[in-house]
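Visitor: Each chain is listed here by its residues.
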Amino acid sequence: MSSDLMTIARSGANAARYALDVTAQNIANAGTAGYVRRSVSLSEVSGGAMLYSAADVSLHGVRLSGIVRNVDGFRMAEVRRTGSDLARADAEIAALGSVESALEQSGISEAMASFKAGLAALKTDPTNTALRAVVMENARTLADSLNIAAGGLDAARAGLHANAADGVAELNQLSTDLDKINARLVRTPDGTSDQAALLDQRDAILHSMSRIAGVSVSIGAHQTAQVSLGGQSLVSPTGVTALGVGTAPDGSLAFDVGGTPVSIVAGSLAGTAQGLTQLNAARAELDDVANAVIGALNSAQASGVALDGSAGQPLFGGTGAGDIALLTGDPAALATAPAGAAAGSRDPGNLDAMIAAFDGSAAAADFDNLLSGVSSAVAGRMVTRDALATIADGANAVLMSQSGVSLDDEAANLLRFQQAFQASGRVMQVARDLFDSILSIG
Amino acid sequence: MTGISTHSFYERSIGNMTSLRARAETLQTQIATEQRLQRASDDPVAARQLRRLAADDTMAAVYKNNAAVAAADLGLAEDAIDQLSNLTIRAQELATQAATGTINDAQRKIIGDELEQIHTSMVAIMNTRDSSGNPLFGGAANGPAYAVAADGSASYAGSGQPAELDVGGGIVISRGLTGPDLLNYSVGGTPTDLLSVVRGLAVSVQAGAPGAASDARTALDSLTAGLDTLSAGQAVIGARQGRVELAVTLAIDQAEARAADRIRLGETDMPTAIAELQEAMTILEASQASFTKLSSLSLFDYLR
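Chains as they are written, first to last, in my numbering: chain A, 1 to 442; chain B, 443 to 746.
Each hint should be verified, as a subset may be incorrect.
What the hints assert, rightly or not - Covered by chain B, per the in silico footprint, the following chain A stretches (three or more residues, Cβ under 8 Å):
| # | segment |
| --- | --- |
| 1 | 188-196 |
| 2 | 316-325 |
| 3 | 336-347 |
| 4 | 404-416 |
| 5 | 427-439 |
Said to hold, decoys possible - Calculated from the model, a selection of chain B residues having no Cβ within reach of chain A, i.e. all distances over 12 Å:
| # | residue |
| --- | --- |
| 6 | L462 |
| 7 | V504 |
| 8 | D515 |
| 9 | E535 |
| 10 | Y627 |
| 11 | R659 |
| 12 | Q696 |
| 13 | A702 |
| 14 | I725 |
Rather than coming from a laboratory, the hints here were simulated on the basis of the structure. Here the structure is a predicted model, which means the values were calculated and not measured. Heads up, the beta-carbon is just placed ideally off N, CA and C, and yes, glycines get one too.
My request is simple: use the sequences and hints to build the entire structure.
Guide: Structure representation (structure tokens):
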């Protein structure tokens, strides 16, 4: 006796039950992030024809050979790579956007135009205290707006440093988690539902890691993942190496893996580092603008006399945009008259020199160039970001078409496996009927 | 096997509807604020031009004020010169009377008194203040343009040149004339000025001295030359007023050009924006309707 109808039917019913379980699991996790659609892999049980001839019937039904995770490594890698690029572009745009806001919303352009207009208006009556007061208040507004912009940039810089530190801490935590999952994968047999669940977690961690930094992933024995960054190993079978971040002398971010410097070219950390470099450049240019204003007006003041006939004193103090400040609020302190003029002189000779010095310092033009440069960079990066987002969406759609759960498919499977189960039940009934008909002989 | 995953169907639908809604909101903001650009990176080139236009507007306001100040001061100078001319003509009439030999000393005294009044009026006119309260004909000085000595003679006390005003378009206008520009001239190579001529005549005629009639005759020539100098000053003022008017006309044209640029670069084109908003809303409604239809389509509904 090499074949048993009842055993075959039982194995068929069991297989259908497993398939129904997997279908139910798929339906339950249809909305779970990172869940990959499972299916059952079945194989026929036959053979064992040792004692009998080859023509003998030797059938034993079906068995579950494993749970299949419907995903391939290439599509996963594409999603990681494109997601990494998109995260970099997003982080860079966020950084540049904050630079643009800090420069534009501080109203430096308007303050410079008003200051120059105030000086030009003072020419109608250089001894008029009201007009002088307007110039002084415009100067104060200009200094304040430069302070605000510098403060905004400094706050954005602190924010970017914090972002980088958070990203590095998160990446290191993910490395540790991945190492634990690797250890469990080594002990988990192939084709089990446990392994499938662990692989889901592994892939989710790899996605998170690649969004933070453009890591290279290789899959080793037992489906364990090895991760490296810039040629330096982060997670390997021998353990985890931590990523570190510091500030280079020029204010940019310096990354290292276990003390070895690495450069990060993708992921949000790369975008943050690129944004920070541009922020530092913008901050230095803003200081140049502030220093141009300070230098031009203070030297113009020095070559004239104030309303009371005394030598002109410096108007602005400070060494950059962060600390530029009006040294005096006294309208009489404006040195509109040329050196040697008497007290109360209406001679606007030095006022002309002041306007010429302000124009000559090109502070307004330089600031305009700075703001234009940053806003053009934001606009350009937006185009790149949209392109990268389209690419990432495409890669994701390709992956999802393979690994995502479709409820319609699962409904069809539910029906199919239910029918398979019912058919196996019918086979059992036939087996009993056959047995009964033999018992009823005689 | 490729299929449409339920999760990605929902995500894609949500993504599409979100981006449509975002576009509609951007258009709505553009319509509500009438500003096409919400931040410089929306259009860096246009934003830069808009900043330049705003700076030009700020300066244009100053130039407009400068032009008004210059026009007011030049108007004051014109009025002053008109009055000086009238007074000089009256002085010529009086000098002509005084020069005739038929009047007696008592009558000359009366003529001399009137000439002295004319001198006083002239000094007062020369000490007129401008629209900023500074001496109109005193150059850059703060005090009165002409100081009156104890004996009644007046001398120029101003200094320097009147301030120049930038009225836009590269046009710089001197806002007035100095006293000497208006009153000093030479007769037969001898420098003199209108005030001292009138005062000299007044003193001479009042005294009724033997030479009064001949002094008056000499003064007549001098007064005619003075009147010519005043006319020259009036011509200068008139030319400057012409330049101010030119600058004002230019400024109006430029302001219109800037306004047109600002509308072109920075303001929302309402018909386009409203049409685009309508389009976005229609597409959004259609997406919502088709999403509802598609998402209600489930095989489970047919499993019995």
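Visitor: Are the hints correct? Go through all of them and say.
Guide: Going through the hints against the structure:
1. Counting residues of the segment 188-196 of chain A whose beta carbon lies closer than 8 Å to any beta carbon of chain B gives 0, which falls short of the minimum of three for the stated coverage.
2. Check result for the segment 316-325 of chain A against chain B: violated, 0 residues qualifying (beta carbon to beta carbon below 8 Å, three or more required).
3. For the segment 336-347 of chain A, the proposed coverage by chain B is satisfied: 4 residues have a C-beta within less than 8 Å of a C-beta in that chain, meeting the threshold of three.
4. Counting residues of the segment 404-416 of chain A whose C-beta sits closer than 8 Å to any C-beta of chain B gives 10, which meets the bar of three, so the coverage hint holds.
5. Only residues whose beta carbon comes within less than 8 Å of a beta carbon in chain B count, and the segment 427-439 of chain A has 0; fewer than three means the coverage is violated.
6. Look at B/L462: its CB is around 15 Å from the nearest CB on chain A, clear of 12 Å, so calling it non-interface holds up.
7. With a closest Cβ-Cβ approach of about 5 Å to chain A, B/V504 is found to fall inside the 12 Å limit, against its non-interface label.
8. For B/D515, the requirement that its beta carbon stay farther than 12 Å from each beta carbon of chain A is not met, with the minimum near 9 Å.
9. Every beta carbon of chain A lies more than 12 Å from that of B/E535, the smallest distance being close to 39 Å; the non-interface claim holds.
10. For B/Y627, the requirement that its beta carbon stay farther than 12 Å from each beta carbon of chain A is met, with the minimum near 27 Å.
11. For B/R659, the requirement that its beta carbon stay farther than 12 Å from each beta carbon of chain A is met, with the minimum near 42 Å.
12. Its beta-carbon lying about 15 Å from the closest one in chain A, B/Q696 satisfies the requirement of being farther than 12 Å from that chain.
13. In this structure B/A702 is separated from chain A by more than 12 Å, as the shortest Cβ-Cβ distance comes to about 20 Å.
14. With a closest Cβ-Cβ approach of about 19 Å to chain A, B/I725 is found to remain outside the 12 Å limit, as its non-interface label requires.
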